[in-house]
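S.K.: First to last, the sequence lines map onto chains A and B.
Residue numbering for the first sequence follows the numbering used here, beginning at 33 and increasing consecutively.
Residue numbering for the second sequence follows the numbering used here, beginning at 160 and increasing consecutively.
No lab work stands behind these hints, which were simulated from the structure alone.
Cβ atoms here follow ideal geometry from the backbone N, Cα and C, with glycine treated the same way.
Incorrect hints may have been included.
Derived pair list, reagent style BS3-like, types lysine-lysine, alpha-carbon separation capped at 25 Å [said to hold, decoys possible]:
| hint | chain 1 | residue 1 | chain 2 | residue 2 |
| --- | --- | --- | --- | --- |
| 1 | B | 538 | B | 742 |
| 2 | B | 548 | B | 284 |
| 3 | B | 663 | A | 82 |
| 4 | B | 284 | B | 369 |
| 5 | B | 252 | B | 177 |
| 6 | B | 182 | A | 79 |
| 7 | A | 82 | B | 198 |
| 8 | A | 82 | B | 710 |
Facing chain A, from chain B, some residues (calculated, C-beta under 8 Å) [said to hold, decoys possible]:
| hint | residue |
| --- | --- |
| 9 | 163 |
| 10 | 166 |
| 11 | 170 |
| 12 | 190 |
| 13 | 194 |
| 14 | 196 |
| 15 | 204 |
| 16 | 264 |
| 17 | 408 |
| 18 | 409 |
| 19 | 412 |
| 20 | 499 |
| 21 | 501 |
| 22 | 504 |
| 23 | 758 |
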Amino acid sequence: MWVYKRQRNHMSAMFVGMALALMVVCIYTGNVLAASSCVSCHTDENKLTKNLSKKKPQKSTLTSGAG
Amino acid sequence: MAPLEPQDKVKVSNKFFKTDHGKIACVDCHGGNTGASDKMTAHQGVDPQPSINNPEHACGECHGEITDTVKDSLHVTLGPFSTILKQRADMDKWKEIDAGRERHCGQCHTSCGGCHVSRPESVGKGFVDGHVFSARPDLLNQCTACHGSRVGNEYLGMRGQGDIHALDYNMHCVSCHKAEEMHAAAPKNLAGRYHLEEAAKCTDCHKDLKIGSIRDHNVHIGKVQCQVCHSQSYTNCYSCHTGTDKDGLPYYTSQKDVENFKIGLNYDNTAPGADYNFMLVRHVPVDQQLFDHYTKDALADFDDVPNWKRATPHNIQRKTWQTATCNHCHDNRDIFLSKRDLLDYEITVNEKVVVSDAQVPAKISKTRALDIDTGNVKKDRIVDARWLKDNIDTENLVIIDTRSEGVYKNGHIKGAIQLDPMKDGELRWPWGSDKPQQLLKPERIARVLGDKGINETDHIVVYDADGWRAGFFLSVLDYAGAEKISFLKGGFRNWREAGLPMSKDNPDIQAKTFKIKPQPQFIVDNRFVLDNLDNFNVVIVDIRTLDQSKKLAKHPRALSLGSIPGSIKFPVNGLYMDHAEVKPPQELLYVLKNRGITPDKTVIITCNTGAWAGAGFFMLRYLGYPDVRMHDASWVGWESFVRYPGCGY
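Working from the sequences, and respecting the hints, build out all of it.
M.R.: Written out as structure tokens, the structure is:
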């Protein structure tokens, strides 16, 4: 009986550990996925060119002088 | 600095991910919508500039001791702008004035990212190196992107000869302006940037000068600012006005800028290291109507702060015209700021800066004579507006305007004929040909000149806005054997400001026959340059600006950065001042001699494609150099020649 209790405690600890590890993996994977979605666009010149519009210039043409 | 395409601004390089910053998840600094697959959703909540909007989180978690102070640094707060403006302002209108200040002056403020990752906002942002963080800011894309029109231009020889710290010692801005200064928390209400304790000073490196071997230091330290002796002329700006255009974009216009050199009285010796009587002063463009667009009479206390202010031009040379001999300053009224230099509304405000006649240092009686021979100067090769006005109706006088067609059409000297020497294929082989940008065959050049109503016996007066374009065209005329050629000193601007006759009409051109007499001795090819690299009697002068000759940037058509081995770097703007002004010939001969460019040598002038080389060639011929030649192919041709010797460049 005492041996069985020890086995049960050991099993619980193992399950908790696995759950924690799974949570860490999920968080890490989530971050990696998040980074991946940024990276997959921001390293692909074709994607960037397609998705970015030529913005209107922010500087007035009336500006003159050395500045 | 070439503008970046939108995709280049935000493209992250793969090498970034190998760096420490690259191992941090993007969302940790930038936020955004994790796991999204489309742009709009992914960008919800994203902060494109976390170092501006949330520096403590983005940078401070690792660089806490820096972010603790940098948030109060001058680059972030631009504090002295407000401090000084408040001294001039009607404080009842401060809200409107501050709105104007933020909209115009405040655009240059920056953050960690603007110095270590991206170009600053004021120049359109964008990654400098694919998001890689650099501890040392990029000199061209970051430091001088903001500090461009004065510091950058003066340092890199876009005005003047450039600074010896760049020229001879390849020093970056941060060699003097270290992180301790850049990151330092500036006290609130700091009187000005020179009052920052951590600000760079010459004596940080140049120590113990007063007890050193140079007698002039013993005599002048404590009386004269270093730059008085060691700077070249620098830009001064006038009358900035701000406004909003029809698209709602802010703009400014400054009335004019002038390259000049003035010594004034030091009216504030409380700044660290400023224990001298005389200092260089620069006219700053603050004007009583500066913020009229926002509120009238904003600067009611305009007279409280001088607008001839302490200057520290970044164009230091060991030997300058001032150091050539004592009496270039002593007893020289013109070099010191006087009431005559002031606009009528500035007289009161600059009273404590103006040097009175009694305060001009007395003449030094015993000085060594300067060894400068101006006997060979071809004086008739430079004329001014007054001369041209008096001689404009002379028969066979032809005036050539070398500005672009669009600028010419907006107004030119009456009777001037437009010829753009830089127009592709006009005087030089076009890009894409076998000899890109080299001079065309003589008969082609003769036809171009004849069609413009020029023959070889005319007196041809050439003008420009900046000077070097006219100089280049004059070099082509000299090569072609034109008998009488002149450069209009002061260019179009002086003519216009003198109220002399202008026109928008094209003059009636009578085509002529130009009997060309080519002067082949004025041109050298790549083979000649290669064969004379080690010839002590030959001096090769790289006349490009220092960003190019020091391999920081390249001509758009060049294959690579670089310069011809052994060439002396002397930017063309050391010969041409802003707006086509020219220094006296003895001063030009002196500065050339100091760089080892002397008339006893064969001087070969090189640049990128030959245009600046031509401009330099004209000036040295004017100064009487007996053997000066243009390297027609220049760098763009040279690098192809050395890479592909058989290809005929």
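S.K.: Each hint: holds or not?
M.R.: Okay, the hints, checked on the actual structure:
Between residue 538 of chain B and residue 742 of chain B the alpha-carbon distance is near 13 Å, which keeps this suggested pair within the 25 Å criterion. Distance hint between residue 548 of chain B and residue 284 of chain B is unfulfilled; the C-alpha atoms sit about 48 Å from each other, more than 25 Å. For the hint pairing residue 663 of chain B with residue 82 of chain A, the CA-to-CA distance comes to about 45 Å; that exceeds 25 Å, so the pair is violated. At roughly 45 Å between alpha-carbon atoms, residue 284 of chain B and residue 369 of chain B are farther apart than 25 Å, so this suggested pair is violated.
Of the pairs offered as hints, the one joining residue 252 of chain B and residue 177 of chain B is violated, with about 52 Å between alpha carbons and a cut-off of 25 Å exceeded. Restraint check for residue 182 of chain B and residue 79 of chain A: satisfied, since their Cα atoms lie roughly 23 Å apart, inside the 25 Å limit. Between residue 82 of chain A and residue 198 of chain B the CA atoms are separated by roughly 11 Å; this keeps the pair inside 25 Å, and the hint holds. For the proposed pair residue 82 of chain A and residue 710 of chain B, the alpha carbon gap of about 34 Å is over 25 Å, so the pair is violated.
Hint status for residue 163 of chain B: violated, given a least beta-carbon distance of 11 Å to chain A, over 8 Å. Given hint, residue 166 of chain B at the interface with chain A, holds; its Cβ is 4 Å from that chain's nearest Cβ, closer than 8 Å. Restraint check, residue 170 of chain B versus chain A: the minimum CB separation of about 6 Å is within 8 Å; hint holds. Hint status for residue 190 of chain B relative to chain A: violated, with the closest Cβ pair at about 10 Å, above 8 Å.
Evaluation of the residue 194 of chain B hint against chain A yields a held restraint, the C-beta minimum of about 6 Å falling below 8 Å. At its closest, the beta carbon of residue 196 of chain B sits 6 Å from a beta carbon of chain A; the interface hint therefore holds under the 8 Å criterion. With its C-beta approaching chain A no nearer than about 12 Å, residue 204 of chain B sits outside the 8 Å limit, and its interface hint is violated. The closest approach between the C-beta of residue 264 of chain B and any C-beta of chain A is roughly 11 Å, which is over the 8 Å cut-off, so the hint fails.
Evaluation of the residue 408 of chain B hint against chain A yields a held restraint, the C-beta minimum of about 4 Å falling below 8 Å. At a threshold of 8 Å, the smallest CB-CB gap from residue 409 of chain B to chain A is about 6 Å, leaving the interface hint in force. Proximity of residue 412 of chain B to chain A holds as hinted, the smallest CB-CB distance being about 5 Å (cut-off 8 Å). Restraint check, residue 499 of chain B versus chain A: the minimum CB separation of about 23 Å is more than 8 Å; hint violated.
Given the 8 Å rule on beta carbons, the hint for residue 501 of chain B is violated: about 20 Å separates it from the nearest Cβ of chain A. The interface hint given for residue 504 of chain B is violated, since its Cβ lies 19 Å from the closest Cβ of chain A, which is over the 8 Å cut-off. Of the supplied interface hints, the one on residue 758 of chain B is violated, with its beta-carbon coming no nearer than about 35 Å to a beta-carbon of chain A, more than 8 Å.
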